[in-house]
Amino acid sequence: MSTRTLLWPGLVWLLLFFAVPVGIILVISLGQRAPDGTIRWGFSLDNYLRLLEPLYWTGPFWNSLGLAALTTILCLVLGYPVAYSIARRSAAVKHLLLFFVILPFFTNFLVRIYAWFILLRPEGWIAWLLRSLGLDLALLGSPVGVLIGLVYGYLPFMILPLYATLERFDFSLVEAAHDLGASRWQSFWKIIFPLSRPGVIAGAVLVFVPVLGEFITPKLLGGGKVPMFGVLIEEKFLGRVPDWPLGAAMALALMILVSLVLARYFQQLKESRWVG
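If you count by the working numbering, then the sequence shown holds residues 1 to 276, one letter each, in order.
Just so you know, the hints here were simulated from the structure itself, not pulled from any lab data. Watch out, some of these pointers could steer you wrong.
In silico BS3-like links for lysine-lysine, alpha-carbon gap of 30 Å or less [to be verified]:
hint, residue 1, residue 2
1, 236, 225
2, 94, 270
3, 94, 225
4, 190, 270
5, 236, 219
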């Protein structure tokens, strides 16, 4: 069986479930919203020109970008020690700890976010604990509450690629650095972290890209008070006043932005391999 024959199933899958849907969205984005809420088919770039209005970029987009960046940073700060600790354990302990990392995936994502909705509400025990400490913070319906839900939901996507990189790391290099007088902090910044750069980049992409278009978490934990680009797209399709052409244009614009991020990721990965 030739290599070209083996490629056909994947190509057909991409054609049916990626190229065709994107083509449909492109056609919709070139239409116009009729007064009755339906689509008036045609060829117009008005929807893309409307995206240049500050209404869509000063609020929802920058909120999405900021929360995506904060989520990525927090996931990296929290996930790196976890991945490093797992990588240094014995094989049996590694498997157990990795099972705990992926255990949340056995439950539906919507159910897990709704659990955080119960925990973060004013009657929840987290709010009670904060009040007992003299901190009267309203987490539900705030950017902080949304950030907590995002970090919780996407932390495993940072831990797993970091672990895959650190698990193959040659820790004898660290021992050699210690023999040469390097401290633990110097060994980390000059040896461990630079050589784990591919895992850092992969984890950052796996977190940043989906969070940029996230709408379930800000919808539930934000209560409509934290506007994000993904929520705005969802409202254009399923809201009380639907505007499918504008929503399709917004979705394609976000997809182009994500594609640029991915292109930068592959460039960084190529440079990391060349340096290594």
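How the hints compare with the structure:
1. With a CA separation close to 17 Å, the supplied pair residue 236 and residue 225 stays within the 30 Å bound.
2. Distance hint between residue 94 and residue 270 is fulfilled; the C-alpha atoms sit about 29 Å from each other, no more than 30 Å.
3. For the hint linking residue 94 to residue 225, the alpha-carbon distance of about 41 Å lies beyond 30 Å, and the restraint is violated.
4. Our distance criterion of 30 Å between C-alpha atoms is met by residue 190 and residue 270, whose separation comes to about 20 Å.
5. Distance check on the hinted pair: residue 236 and residue 219 sit about 14 Å apart at the alpha-carbon level, within 30 Å; holds.
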